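Visitor: Spelled out, the chains give:
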Amino acid sequence: MKKIFMTSVLIVAMGCAPWVRVGGLYKSDAHQYTVHLPDGWMRWNRGDNVLITRDGVELQQIVLLRWAIDEPLKHTKKKLSQEMLPFEIAEVILDDIATDREVLDFRLVENKPAKIGGESGFRVVFHFKTKDGLRLTSVYYGCIKDNWFYGIRYTAASRYYFDKDLKTFEKMVESFQWVKTG
Amino acid sequence: MNWKHGILILVFLFFAQACATTSLPPISQTIQLEEDEKRLWARAAEEQKALERSGLIYRDQALETYLNQVVAKLQPPEVASPLSFKVKVLKHHLLNAFIFPDGTIYVHTGILARIENEAQLATLLGHEMTHAIHRHLLKQFRNMKNQTAFLATLTVTTGGLGGIIGGITAMAAVTGYSREHETEADREGFKAMVRAGYDPEEAPKLFLHLKKEIEEEKKPEPFFFGTHPRLEERFENYTELLKTEKQKPSGGLKNAEVYLESIKQLLLDNARLDMKAGRFKVAESTVEKYLKIKSDNPEAYCLLGDINRQKGSDADRAKAKEHYQKAIALAPTFPEAHRGLGLVFYKEGANSQAIASFEKYLSLAPQASDRAYIEDYMNRCQGKGEKR
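Listed in order, the protein sequences are those of chains X and W. The first sequence begins at 1 in my numbering and counts up by one. The second sequence begins at 1001 in my numbering and counts up by one.
Treat the hints with care, as some may be off.
Calculated Cβ distances over 10 Å to all of chain W for the following chain X residues [claimed, not checked]: (1) HIS31; (2) ASN45; (3) ASP48; (4) LYS79; (5) PRO113.
Derived coverage of chain X by chain W (criterion: at least 3 residues anywhere in the stretch with Cβ under 8 Å from a Cβ of chain W; other residues may be distant) [to be verified]: (6) 85-91; (7) 101-108.
The set of hints was computed from the structure by calculation and includes no laboratory data. All values reported here derive from a predicted model rather than from experimental measurement. Backbone N, C-alpha and C define an ideal beta-carbon position, used for all residues, glycine too.
Let the hints inform the model, and build the full structure from the sequences given.
Guide: See the structure below:
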């Protein structure tokens, strides 16, 4: 958080806004999808992954990310593969999160199959605590497509904030579509 | 008083402080805690509270009682007060252990799963207890340049415990102590385990597990006794200590059975942590260690099945199937084994067998959290939808 703040200050000082107001259709040519971002949220204006928030990243955030499935995961040594069932993909992603040393008191609430832009994947819900004792809840959609893992994750403070934007998040996931290439 | 006298007084005070640090006697009933020591203890108490709230504590009352009994055997009677030794277990697959200056020892499930007997455990605990008895943290603290920053820090991000750990935990668990303090802990800890009647031959063996672990992991991680070179030093120290001990009549307690019986469930729980971390080889050998103690546990076979299924190759899946079938043979109503077997059949394209296993699973665990997946896979086996 401190790093993000410092980077923000530096970029503003250089005359380039790190956060931009968003809303409506967003197209990622690099990641080959379109999605409707909620109106009035702020997007971190760096990199190909999307990070948006309304009240601040510590209170609520939505991230859309993608990485090549042969890339090592951050916390577990498990690997993703194209042949994996959604159940198995969820197993790996959940274990990567649960073995993150910054994630405390991890509790899985729900794990079920889901579609992401029509692609078979998973939807998991879990609670965890930060080192400061803040309890957060996440809903994480994920799938593998063309040797890439795609994830859409909503994380918010369990009290008050999580319920407040859950519908907005689900609506956003519903709007997710793949961009046909070639 | 002229300026020369002033300098002389300053020099005297400097050496007096240095002597006070280096000549700190071990904790005993007659010792009063020093002011900065009291502050360290208070800070340690706060860090322990944070650990208690973190969800990292492994709750097993019987195991804690057993560990505390071992500590009691090692505790010199003269330090009974104010130090009160107690052991807590942390759910973490890394091989680590550390002690707070007030005598509270935290041992990771990872290291307990690797230890083979009570004598090796006593070596570990004896070493840690020496750090507290000989006030190593206070001595180290007094040598620090920025004590205020050290006491203020609560966000040291290292040591396998993430952001939860504070400065004291970080120093004790990660940075480790000076070479001199570690050597003293080796020597005094060794004496304590021998005095308590344990087999001294077991002491260096503790370090063989750690060495093996580091070599297998092939990456630097925070370990009990710090890094690989320091581990080598520990091993050499104990080997030397053993040489002198060998001149005396040999023998002593190992207490392997009582130890393994006490950590039985922990073995499976830690194997699960290793599996989650993708450390399949270690996870598998830990379950095999469990099966040597209790060979008829369906949970253990099911876990072996899960480990092999997650490894993902065809050969591993074949092994997984065998383990699941063994679990079912031992306990036909063990739901997770049917699920695992169903998943293996599903991936093999054996649809009717997959359906049968999945149906059995859902009949045994109707409230299963993954029910939606299983129903989805059953539908796909029946040709309803693409098979993924």
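Visitor: A separate judgement is required for each hint: does it hold in the structure or not?
Guide: Results for each hint:
1. HIS31: Given that every Cβ of chain W is farther than 10 Å from that of HIS31/X, nearest at about 21 Å, it holds.
2. ASN45: Since the minimum Cβ distance to chain W is about 27 Å, ASN45/X lies beyond 10 Å and the statement holds.
3. ASP48: The assertion about ASP48/X holds, with a minimum of 26 Å to chain W.
4. LYS79: 8 Å, violated
5. PRO113: Contrary to the label, PRO113/X does not stay out of reach of chain W, its closest Cβ about 5 Å off (not over 10 Å).
6. 85-91: This one holds; 5 residues, not fewer than the three required, reach chain W with a Cβ under 8 Å.
7. 101-108: holds (count 7)
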